[in-house]
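Participant: From first to last, the protein sequence lines stand for chains A and B.
Under our numbering, the letters of the first sequence match residues 1 to 115, in that order.
Under our numbering, the letters of the second sequence match residues 116 to 229, in that order.
Bear in mind the hints are in silico, worked out from the structure with no lab data behind them.
Computed from a predicted structure; not experimentally measured.
Beta carbons: idealized from backbone N, C-alpha and C, even for Gly.
Keep in mind that a hint or two might mislead.
[What the hints assert, rightly or not] Covered by chain B, per the in silico footprint, the following chain A stretches (three or more residues, Cβ under 8 Å): (1) 68-80; (2) 88-97; (3) 105-112.
[What the hints assert, rightly or not] With a straight-line cut-off of 20 Å between C-alpha atoms, the simulated SDA-like cross-links for lysine to any residue are: (4) B:K224 <-> A:M7; (5) B:K171 <-> A:T103; (6) B:K152 <-> B:D139; (7) B:K152 <-> B:S184; (8) A:K3 <-> B:K152; (9) B:K171 <-> B:S158; (10) B:K216 <-> A:S56.
Here are the chains, one letter per residue:
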Amino acid sequence: DMKVTQMPRYLIKRMGENVLLECGQDMSHETMYWYRQDPGLGLQLIYISYDVDSNSEGDIPKGYRVSRKKREHFSLILDSAKTNQTSVYFCASSLGTGDSAETLYFGSGTRLTVL
Amino acid sequence: GQQVKQSSPSLTVQEGGISILNCDYENDMFDYFAWYKKYPDNSPTLLISVRSNVDKREDGRLTVFLNKSGKHFSLHITASQPEDTAVYLCAAGENQGGSAKLIFGEGTKLTVSS
Numbered sequence: 001d002m003k004v005t006q007m008p009r010y011l012i013k014r015m016g017e018n019v020l021l022e023c024g025q026d027m028s029h030e031t032m033y034w035y036r037q038d039p040g041l042g043l044q045l046i047y048i049s050y051d052v053d054s055n056s057e058g059d060i061p062k063g064y065r066v067s068r069k070k071r072e073h074f075s076l077i078l079d080s081a082k083t084n085q086t087s088v089y090f091c092a093s094s095l096g097t098g099d100s101a102e103t104l105y106f107g108s109g110t111r112l113t114v115l
Numbered sequence: 116g117q118q119v120k121q122s123s124p125s126l127t128v129q130e131g132g133i134s135i136l137n138c139d140y141e142n143d144m145f146d147y148f149a150w151y152k153k154y155p156d157n158s159p160t161l162l163i164s165v166r167s168n169v170d171k172r173e174d175g176r177l178t179v180f181l182n183k184s185g186k187h188f189s190l191h192i193t194a195s196q197p198e199d200t201a202v203y204l205c206a207a208g209e210n211q212g213g214s215a216k217l218i219f220g221e222g223t224k225l226t227v228s229s
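Next up, chain A with everything else stripped away, as it sits in the complex:
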């Protein structure tokens, strides 16, 4: 069963706390992504990972870092969360090769609230 799994689904944190968002995929996809979705802005790319320890900044990387130590896991870390990081965060993966290389498979999202 092809799946991208995100944990947790909902999270409330206080300003200044550290936040860890986890993402896993069972499709052996090479490429993984973190996006955030805000009203009126669509999905904004935070980071992209092309494989283990091969990460690249997206359009809005400031305030975030990522970790990919295994192909199936990609973590998003917020060191000292800020209120403007309140958002819905989506993880996605793509095969990276073949006819459907670019197709993104999304997780169900994590709704993060920073108070």
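Dock chain B against the given chain A, drawing on the hints supplied.
Facilitator: Okay, now just chain B, sitting in the frame of chain A:
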């Protein structure tokens, strides 16, 4: 500025009509274009995609039209149904050795009224 833009935040169409969703992009290097569908509190899923070597692709009730000179692509949904009601996100990117750094538009909320 916004590299991929959907100028209409919302669209209402009568059941059975044609829904036309539009997307404009800025980057000449983009060679992959896609439409994703998103229901509330759900994750986006791919509807249809096209590469820059074609200007049209059909899949059932869905057709993507690509106008490279105008940096514009659109999604046409014929015989629109109430279950087509959702947010539609366009996306574009440049294929970089298999992966594409997809840039998404803001989304258009389509409502199909019966």
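Participant: For each hint, tell me whether it holds in the structure or not.
Facilitator: Here's how the hints hold up against the structure:
no., hint, in the structure
1, 68-80, "violated (count 0)"
2, 88-97, "holds (count 5)"
3, 105-112, "holds (count 4)"
4, B:K224 <-> A:M7, "27 Å, violated"
5, B:K171 <-> A:T103, "18 Å, holds"
6, B:K152 <-> B:D139, "17 Å, holds"
7, B:K152 <-> B:S184, "26 Å, violated"
8, A:K3 <-> B:K152, "17 Å, holds"
9, B:K171 <-> B:S158, "26 Å, violated"
10, B:K216 <-> A:S56, "10 Å, holds"
Comparing the model with each numbered hint stated earlier shows that hints 1, 4, 7 and 9 do not hold.
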